[in-house]
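Asks: Take a look at the letters that make up each chain.
There are 2 protein chains.
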Amino acid sequence: MKMHKERKAPVLILSHPQMGENIGSAARVMRNFGFRELRLVSPRDGWPNEKAASLAAGAFAKLAPVRVFNTTSAAISDLHMVFAVTARMRNMEKPVFSPAQAMPKLAEVLAHEGRAGLLFGPEASGLENEEVARCDGIVTYPVAADFCSLNLAQAVAVAAYAWRAFITQKMPTEPEVRPDENPLASKLEIDNMLEHLQSELSAAGFFFPVEKTTVMMQNLQNLFSRSSLSAQEVRTLRGVIKALSQGRGKQGRS
Amino acid sequence: MKMHKERKAPVLILSHPQMGENIGSAARVMRNFGFRELRLVSPRDGWPNEKAASLAAGAFAKLAPVRVFNTTSAAISDLHMVFAVTARMRNMEKPVFSPAQAMPKLAEVLAHEGRAGLLFGPEASGLENEEVARCDGIVTYPVAADFCSLNLAQAVAVAAYAWRAFITQKMPTEPEVRPDENPLASKLEIDNMLEHLQSELSAAGFFFPVEKTTVMMQNLQNLFSRSSLSAQEVRTLRGVIKALSQGRGKQGRS
Numbered sequence: 001m002k003m004h005k006e007r008k009a010p011v012l013i014l015s016h017p018q019m020g021e022n023i024g025s026a027a028r029v030m031r032n033f034g035f036r037e038l039r040l041v042s043p044r045d046g047w048p049n050e051k052a053a054s055l056a057a058g059a060f061a062k063l064a065p066v067r068v069f070n071t072t073s074a075a076i077s078d079l080h081m082v083f084a085v086t087a088r089m090r091n092m093e094k095p096v097f098s099p100a101q102a103m104p105k106l107a108e109v110l111a112h113e114g115r116a117g118l119l120f121g122p123e124a125s126g127l128e129n130e131e132v133a134r135c136d137g138i139v140t141y142p143v144a145a146d147f148c149s150l151n152l153a154q155a156v157a158v159a160a161y162a163w164r165a166f167i168t169q170k171m172p173t174e175p176e177v178r179p180d181e182n183p184l185a186s187k188l189e190i191d192n193m194l195e196h197l198q199s200e201l202s203a204a205g206f207f208f209p210v211e212k213t214t215v216m217m218q219n220l221q222n223l224f225s226r227s228s229l230s231a232q233e234v235r236t237l238r239g240v241i242k243a244l245s246q247g248r249g250k251q252g253r254s
Numbered sequence: 001m002k003m004h005k006e007r008k009a010p011v012l013i014l015s016h017p018q019m020g021e022n023i024g025s026a027a028r029v030m031r032n033f034g035f036r037e038l039r040l041v042s043p044r045d046g047w048p049n050e051k052a053a054s055l056a057a058g059a060f061a062k063l064a065p066v067r068v069f070n071t072t073s074a075a076i077s078d079l080h081m082v083f084a085v086t087a088r089m090r091n092m093e094k095p096v097f098s099p100a101q102a103m104p105k106l107a108e109v110l111a112h113e114g115r116a117g118l119l120f121g122p123e124a125s126g127l128e129n130e131e132v133a134r135c136d137g138i139v140t141y142p143v144a145a146d147f148c149s150l151n152l153a154q155a156v157a158v159a160a161y162a163w164r165a166f167i168t169q170k171m172p173t174e175p176e177v178r179p180d181e182n183p184l185a186s187k188l189e190i191d192n193m194l195e196h197l198q199s200e201l202s203a204a205g206f207f208f209p210v211e212k213t214t215v216m217m218q219n220l221q222n223l224f225s226r227s228s229l230s231a232q233e234v235r236t237l238r239g240v241i242k243a244l245s246q247g248r249g250k251q252g253r254s
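Just so you know, the protein sequences line up as chains A and B, in that order. Quick note: the first sequence, position 7, residue 7 per the numbering used here, numbers continuous. Quick note: the second sequence, position 151, residue 151 per the numbering used here, numbers continuous.
Keep in mind that the hints were calculated from the coordinates and are not lab data. Treat the hints with care, since some could be wrong.
Since the list gives no way to pick one copy over another, a pair counts as held whenever it fits inside one copy or between any two copies.
[Claimed, not checked] Here are the simulated SDA-like cross-link-like pairs (lysine to any residue), alpha carbons at most 20 Å apart as the crow flies:
1) LYS8 / CYS148
2) LYS212 / PRO142
3) LYS212 / PRO65
4) LYS94 / THR140
5) LYS8 / VAL143
6) LYS187 / GLN198
7) LYS187 / ARG226
8) LYS51 / VAL210
9) LYS94 / ALA133
10) LYS62 / ALA144
11) LYS242 / PHE206
12) LYS187 / GLN218
13) LYS212 / ALA53
14) LYS62 / CYS148
15) LYS62 / THR213
16) LYS105 / GLN169
Can you make the complete structure from the sequences, with help from the hints?
Replies: Okay, here's the thing in structure tokens:
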């Protein structure tokens, strides 16, 4: 996979967050998914906040300095596209997107040197209508109809992951890693292993009636061929066949 | 869009969770995204747990009763496909999936009346190799290279959302056909087959030195778990093991 330089990501804005723990958890999870910039609107307990630091697992050291604003309006004033993340339906003429629908729109803004943001409301009350009205759209999660109660940091986790999933899925896909020291078995190695198995099974009287030999061996071949066996694994299987069949001889159970 | 009835969802298994708060947060977020069944393997602080209840926002009342097991093996024994959710790369022959790649595979198992699960490790140490070895694959998140530190409940949030996003975005398409007469083996059936194999290999002196038993059995487990064995194939393999080790009709070579 070609390395890509770290992409720009949307700004994350928490409006009137109450608990420092949630701010810290939000910082932690957003940084995992490549976000760099956190803004706070009037955090209830002020800023900085010890409880936020204790839940952040060191994320604040790896984010841009957190910026604090008095109003949501001020916090988003330099942004070009902002979506409000909210579960509640509002009587408001706003387009509503799933995370998977919203992220490409934000990415497009960023790709054109614009600035984008995701706005989250406070724990208890959620975003005010006035705040949602300032946004370009609403991002809503596909939650269960009978249980819709996401914690603030969980809501941030979902949006942050959805963003990252979008921008990484567009990257050239990485082939599944098979370490170089563990190459696939050749078809010949697999055939030889199966012949060894068939010969020992024959000797043990496994194929009965004998006419079923072909179909039974095909079943075993199918089973192993689904595994994409490595050469080492084929050697292991031959060791298993040898041990079981010779063990039988040596220990003379019959 | 046609309404679909509430779908079955994978079982969520937390191995050796330490903090009740994380169990409660995991329960809360999983229920938002339609999961119903939570299993715990040896929770450090026992069960039930007050701190879990206080963080769950009432989710436990809307989940099936939480089941507690002593071992991961027991917790997944009735499941047919289980993915380990872990950030760490392991020197292990397992397919690695993004959440978006993994969820369709679990959905397919559920669509054929099988049972599926997602396994999460404890906060500090993560899953043991032995636990990962029992799984059918690894689910890894596209986290930033320089900050990979998800909280347990955040990890659950991401997987739960990814599941929900998949099943809600995609209306039923024709599932890949796995004939009903050919159901997947349960983990218990596979474990029993592997125990049978281990016991016969032990008797045959295969494990030398004896300390290598665990890693050699893990290699075999990995190999077979990649095959998504059917119950019939497990029976065939047991016939193979029996025939090789005992012979049929007392054709023993000794």
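Asks: Take the hints in turn and mark each one as holding or not.
Replies: Quick rundown of the hints versus the structure:
1. Proximity of LYS8 and CYS148 under a CA criterion of 20 Å is satisfied inter-copy only: 18 Å between copies versus 31 Å inside one chain copy.
2. For a Cα distance limit of 20 Å, the shortest separation of LYS212 from PRO142 qualifies neither inside one copy, at 34 Å, nor across copies, at 48 Å.
3. For a Cα distance limit of 20 Å, the shortest separation of LYS212 from PRO65 qualifies neither inside one copy, at 39 Å, nor across copies, at 48 Å.
4. Taking identical chains as interchangeable, the C-alpha atoms of LYS94 and THR140 lie at most 20 Å apart only when both belong to the same chain, with a minimum of 12 Å there against 35 Å between chains.
5. In this assembly of identical chains, LYS8 and VAL143 lie within 20 Å of each other by CA distance solely across copies; the values are 15 Å between and 28 Å within a copy.
6. In this assembly of identical chains, LYS187 and GLN198 lie within 20 Å of each other by CA distance solely inside one copy; the values are 16 Å within and 27 Å between copies.
7. Taking CA atoms no more than 20 Å apart as the test, LYS187 paired with ARG226 passes in both settings, with 13 Å inside one copy and 18 Å between copies.
8. In this homomeric assembly, LYS51 and VAL210 never come within 20 Å of each other (Cα to Cα): the closest approach is 44 Å inside a single copy and 50 Å across copies.
9. For the identical chains of this complex, LYS94 and ALA133 are intra-copy neighbours only, at 8 Å inside a copy versus 48 Å across copies, given an alpha-carbon limit of 20 Å.
10. For the identical chains of this complex, LYS62 and ALA144 are inter-copy neighbours only, at 11 Å across copies versus 34 Å inside a copy, given an alpha-carbon limit of 20 Å.
11. In this assembly of identical chains, LYS242 and PHE206 lie within 20 Å of each other by CA distance both inside one copy and across copies; the values are 16 Å within and 9 Å between.
12. Only within a single protomer do LYS187 and GLN218 lie at most 20 Å apart by alpha-carbon distance; the minimum there is 14 Å, versus 24 Å between protomers.
13. Taking the shortest alpha-carbon separations for LYS212 and ALA53, neither the intra-copy value of 43 Å nor the inter-copy value of 45 Å comes in at or below 20 Å.
14. Only between protomers do LYS62 and CYS148 lie at most 20 Å apart by alpha-carbon distance; the minimum there is 12 Å, versus 32 Å within a single protomer.
15. Taking CA atoms no more than 20 Å apart as the test, LYS62 paired with THR213 passes in neither setting, with 43 Å inside one copy and 44 Å between copies.
16. Taking identical chains as interchangeable, the C-alpha atoms of LYS105 and GLN169 lie at most 20 Å apart whether they share a chain (15 Å) or sit on different chains (18 Å).
Hints 2, 3, 8, 13, 15, counting from the list given before, are not met by this structure.
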